[in-house]
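Q: Assemble the whole structure, with the sequences as input and the hints as a guide.
If you read the protein sequences in the order shown, they are chains W, X, Z and F.
Counting from 2, one number per residue, gives the positions in the first sequence under this note's numbering.
Counting from 2, one number per residue, gives the positions in the second sequence under this note's numbering.
Counting from 2, one number per residue, gives the positions in the third sequence under this note's numbering.
Counting from 2, one number per residue, gives the positions in the fourth sequence under this note's numbering.
Calculated from the structure, these hints are not laboratory results.
The model shown is predicted, which means the values in this text are computed figures rather than measured ones.
Misleading hints may appear alongside valid ones.
Note that the list lumps identical chains together, so a pair holds whenever it fits in one copy or between two copies.
[Said to hold, decoys possible] Simulated pairs of lysine-lysine, PhoX-like, Cα-Cα distance not exceeding 25 Å:
1. LYS183 <-> LYS260
2. LYS260 <-> LYS219
3. LYS271 <-> LYS188
4. LYS222 <-> LYS163
5. LYS107 <-> LYS133
6. LYS300 <-> LYS185
7. LYS38 <-> LYS338
8. LYS310 <-> LYS219
9. LYS129 <-> LYS310
10. LYS283 <-> LYS295
11. LYS271 <-> LYS300
12. LYS222 <-> LYS129
13. LYS283 <-> LYS183
14. LYS310 <-> LYS38
15. LYS107 <-> LYS313
16. LYS133 <-> LYS219
17. LYS107 <-> LYS317
18. LYS219 <-> LYS303
19. LYS260 <-> LYS129
20. LYS133 <-> LYS310
21. LYS283 <-> LYS271
Given next are the chains, with one letter for each unit.
Number of protein chains: 4
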Amino acid sequence: MNFTSDNTHIIAEPILNAILKSNKSSVTSYGGDEITKKAKEKICDLFGVDAEIFFVTSGTAANALSISSVTPPYGSVFCHNESHIHLEECGAPEFFSGGCKLIPIKGFAGKISLEGFQNAINDHPSDKYDFKPSCLSITQSTECGTIYNEKEVNELSSLAHKYNIKVHMDGARFANAISTLKIKPSKITWEAGIDIMSFGTTKNGTMSAEAIIVFNKKISKDMNLRIKRSGHLLSKMRFLSVQMDSYITDNLWINLADKSNSMANYMYQKLLSVKYIDMPWKVEANEIFVILPKEIERKLSKQDVLYHKWSKVGIKDLALNKDKEFIRLVTSYNTKKDEIDQFVAILNNIN
Amino acid sequence: MNFTSDNTHIIAEPILNAILKSNKSSVTSYGGDEITKKAKEKICDLFGVDAEIFFVTSGTAANALSISSVTPPYGSVFCHNESHIHLEECGAPEFFSGGCKLIPIKGFAGKISLEGFQNAINDHPSDKYDFKPSCLSITQSTECGTIYNEKEVNELSSLAHKYNIKVHMDGARFANAISTLKIKPSKITWEAGIDIMSFGTTKNGTMSAEAIIVFNKKISKDMNLRIKRSGHLLSKMRFLSVQMDSYITDNLWINLADKSNSMANYMYQKLLSVKYIDMPWKVEANEIFVILPKEIERKLSKQDVLYHKWSKVGIKDLALNKDKEFIRLVTSYNTKKDEIDQFVAILNNIN
Amino acid sequence: MNFTSDNTHIIAEPILNAILKSNKSSVTSYGGDEITKKAKEKICDLFGVDAEIFFVTSGTAANALSISSVTPPYGSVFCHNESHIHLEECGAPEFFSGGCKLIPIKGFAGKISLEGFQNAINDHPSDKYDFKPSCLSITQSTECGTIYNEKEVNELSSLAHKYNIKVHMDGARFANAISTLKIKPSKITWEAGIDIMSFGTTKNGTMSAEAIIVFNKKISKDMNLRIKRSGHLLSKMRFLSVQMDSYITDNLWINLADKSNSMANYMYQKLLSVKYIDMPWKVEANEIFVILPKEIERKLSKQDVLYHKWSKVGIKDLALNKDKEFIRLVTSYNTKKDEIDQFVAILNNIN
Amino acid sequence: MNFTSDNTHIIAEPILNAILKSNKSSVTSYGGDEITKKAKEKICDLFGVDAEIFFVTSGTAANALSISSVTPPYGSVFCHNESHIHLEECGAPEFFSGGCKLIPIKGFAGKISLEGFQNAINDHPSDKYDFKPSCLSITQSTECGTIYNEKEVNELSSLAHKYNIKVHMDGARFANAISTLKIKPSKITWEAGIDIMSFGTTKNGTMSAEAIIVFNKKISKDMNLRIKRSGHLLSKMRFLSVQMDSYITDNLWINLADKSNSMANYMYQKLLSVKYIDMPWKVEANEIFVILPKEIERKLSKQDVLYHKWSKVGIKDLALNKDKEFIRLVTSYNTKKDEIDQFVAILNNIN
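A: Structure, rendered in structure tokens:
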């Protein structure tokens, strides 16, 4: 049983098949091929927009490239204090931008509230020699497995734009959000004020494929140069593109996310009746967060089950007792009910 | 007929099969898996050395990460004036190092001569407020499809080390060099003084896989951080690793390179008897360089054959007449004799 | 009456005279002159140590150069959450280091406590792909006009070194600290574990002169290159050096700081009896922090007296009521008792 | 006798007096003072333009800040292959821009010819993944003591602008150029297409003061942030400003440059009749370049006379014989005829 992350799982079959199918003959390299062209068109169709699209192999790359295209070296980036860009990317935004500053904002369950963002703006040093507020980055679904609704994204974007701040969405688990929200992707992205997004797929069934989608046409046209000089322009681009294409074909991406989310919900429901454990917030996507006594966690860690201990920041913000442990469980399109039942049984036995 | 580059071609079957085979169950992400461990061990075995190994998806990334690990922001990097790092990477070495300076060195057929390197050292500004000579980067096989022999690499490395300069090998087409040299990889790398290398495979049959091999143990142990913050740490690492593994299994890499090289040699021999064209140097790997009258090239470009016009730097250094064009033709493990015959026929017909 | 900052004041006479005296004949530029050599020797004598010394024109430069010499691009820097490097330098540490991350630590009255530092270390992400804890930067005297004693510096340094973290002291107001502590400079710097320091003088009587003092010989010998490429190597270095020399000659620096500090203490004592105002901590150097009703501050701001509203961070950490204002008053060697009396009279009248 | 550089000399008296006069009372720091405001207005008047102006302490800073404001990290900068920014600043343009690439252009006597610039543009890699040509930097007077006339600057700027390349003038010795050209500063700067310039004064009589003049209003308004984060915002700005003010008051700057230039011309005329030496080009400003037999130079170096051996690049481009040495002699407003006579006598005696 591996609940550490959705990126431990295999490639979904339709995607692997699409790779195989594209491996027939030589094509133009570096993205000048028809497969790439078609994949980009399909993404534009999916989002109902004429956007600039770039494919890269990692979410960190997509995030850092996006953020650096709207943030000068002397710019600041507002983000949640548990965001991936702040805690898990070893300074990628700082590196790609040439030294920007992240402004971490606390917020319940991984979400930045309108008030939290307004306070952060108010607290930002503001004389003419200070960092220039440049970017707001929100994660959808969040690092805590929660989801911003349309109204929330709209309000955050509006506030950002009022201060001439661009809005980036880290959509590493965007499919899981759409699966839950059941709305058109446009509604929660460019129509809600998102200027640029990382549209992730790796965590939801591809081998390694992320798209940068530039909705706001005013954003620097030099993304191709940023991608090239950071080593993120793949020569055999078609194999990236074909993953993106098949990912959104025949609703595959939503089907996969539906499975992940339903498995998470299934686990959530089961865990509600397990003794001694707490879940600090409701599961909305494919991540379950569990507070449990340290003693129990110690026993659990010796079982044949893998999970992730959650961040020190999260533990601190929840002000957990010293005798508590805080863990994250992630489901995927590949998770079986059996595994969950087994996991819950183990937990019940330990207690 | 596509002779533009070896990166336009398909994935070799054994490599694709290996990817399929590795897609069975969940494994630890970010390289903590057994597949990755095994692939690294096999590379160490291949090179007969205990080296640190990292996998990334592009040659530019491998080069820039390698170079930045031995070059401070205020360091200078000696390289050929037609090298990929100087002409084709849009400043990746400058970006990753934080602003280093490349010192381009002229040299016949893509090779830096010992004298050329010594002169470049002599010409380097040398007071205590100048760039610090930090790295020599040589390409094997070179961007001109030529090959350094053991003696040459040894001599260049020795000279570099005398000045406390580290030596990087850009091995984007390393297989093609080994295929020709018919020596153990160790002989032309760490035993010949190479400190760190980019071991490329993408141009010779994988989907997208390059290894950074750190031979010199004194080189910064922080490569993992550089990789992470540049967005080059893949979560589903196994799919990279398995490509590397199968690439060097059962001599696949050399077999593929043998084919590429023999096709190049076949074309070279055929072209020797084509009128009006010149080849400025002998083919040693899988690239053929052809000088031809502009008029003929214009006609050729309208045929169903793809190739690359060579760099302005190269044209300048050869002091070509204005009525000449300079093109590059690259063969791959997938090139057919038929295609070459057809290409030569077209050329003969045009004349 | 100008209490905004000590950098609004004039050059102390002995220093100006020394500049005049050094303006006699041509000397070697870029620091190769005898005046510079002598100034460096005198600083070494003052600190009783054989250190490497560099002169630059701003405190931000001294701090950023120092920090970047001990912090790689992927390194993190612990500092107080009200520190100058975090709030007032527009990302200089991030720029010079190539994208490091500052870890702001809360602490009463501008000081980092041992516990606060230990907690920050504990809270620091710690897997092999996270920022590398590299530097602790403390300010002496602090941005809140308080002072670390020997024991405190020693303990912080020891803890830092335990984790292989280097210690930087921002000594923009170092003289004010020594004036109060009445100890040898060595005791509170290298003997207490400081690896590198910014020894400021501009705020205490020079025109513009700061020294970087490298106590720890293991720190990169390439500071000269960092200084050059950041545009901080002055050609007419002697005029910087002579300021440094005269600053520490005949105890001038301490005499000036004594005056500043005594004026601050005089103001502090007077303010103790002013109604409606609070001072959150005792004055230890030359800065007085005053909490006063917003209404009174509004009236005060219309008088002929200049001061600085304190940082939003500071206000937040003290959890001040919304109807309160928080201001900083700085005295200098040039401040007159009259001015203070007048200021206090104004305040009393307003009430 | 010190002919190494004009920056070895003393501060001109009127400038020192102005500093003294400005040292009366406290003023707003960081440039918010009246002295600074007035100095900027006077520079605008001098250039007959409404420009943005910033004061910094070094020419390298002025150059790097200027260049980085018009050059993105992935931009390239055309410059002479003997330019200060290329050979003498240890990568400041690369550092400040975040990794740009300098494109050195050969040209007789330190000048970039129109043809040379056009060729460099033609030779520049030009696909959509290459460095973006962003800046042309010319030095006036040049590093070889020669001067661009109006027509030349106009033509170079026009060509640059045709390719959307901004033009920077390194005016470290701008006064010497104006002294010779005898035209209004506007004619050879913004009216001739210069977008931004470094207006140097340190080499011509101030202590340490350089102005960045932004003529082109479209250039980033964030220069203040770049200056702050690079540590180049002086707190006691007035002492910089007052140098700039007095420098251009009562034609001081031109009077000083007239003296320097006339001394250079005097030396040039005298040297014309010295045996065994050559001067590769006519003296136009305050620098004399002399080719002389190595043997003679060896003897000269033992005399009481200081000068600078010229760059290896320059020697190479002139294709000097191995038995020749190439030296630079710089005069200043402080150079005496006596010294020159004495120097020439020494040379004559050596022969």
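Q: Does each hint fit the structure? Answer for all of them.
A: Taking the hints in turn, this is what the structure says about them:
| no. | hint | in the structure |
| --- | --- | --- |
| 1 | LYS183 <-> LYS260 | within (14 Å within a copy, 52 Å between copies) |
| 2 | LYS260 <-> LYS219 | neither (37 Å within a copy, 48 Å between copies) |
| 3 | LYS271 <-> LYS188 | neither (33 Å within a copy, 61 Å between copies) |
| 4 | LYS222 <-> LYS163 | both (23 Å within a copy, 19 Å between copies) |
| 5 | LYS107 <-> LYS133 | both (20 Å within a copy, 23 Å between copies) |
| 6 | LYS300 <-> LYS185 | neither (44 Å within a copy, 51 Å between copies) |
| 7 | LYS38 <-> LYS338 | neither (39 Å within a copy, 31 Å between copies) |
| 8 | LYS310 <-> LYS219 | neither (41 Å within a copy, 34 Å between copies) |
| 9 | LYS129 <-> LYS310 | between (42 Å within a copy, 15 Å between copies) |
| 10 | LYS283 <-> LYS295 | within (22 Å within a copy, 43 Å between copies) |
| 11 | LYS271 <-> LYS300 | within (20 Å within a copy, 63 Å between copies) |
| 12 | LYS222 <-> LYS129 | between (28 Å within a copy, 11 Å between copies) |
| 13 | LYS283 <-> LYS183 | within (18 Å within a copy, 59 Å between copies) |
| 14 | LYS310 <-> LYS38 | between (41 Å within a copy, 24 Å between copies) |
| 15 | LYS107 <-> LYS313 | both (13 Å within a copy, 17 Å between copies) |
| 16 | LYS133 <-> LYS219 | both (18 Å within a copy, 18 Å between copies) |
| 17 | LYS107 <-> LYS317 | both (11 Å within a copy, 15 Å between copies) |
| 18 | LYS219 <-> LYS303 | neither (53 Å within a copy, 38 Å between copies) |
| 19 | LYS260 <-> LYS129 | neither (51 Å within a copy, 32 Å between copies) |
| 20 | LYS133 <-> LYS310 | between (35 Å within a copy, 20 Å between copies) |
| 21 | LYS283 <-> LYS271 | within (13 Å within a copy, 57 Å between copies) |
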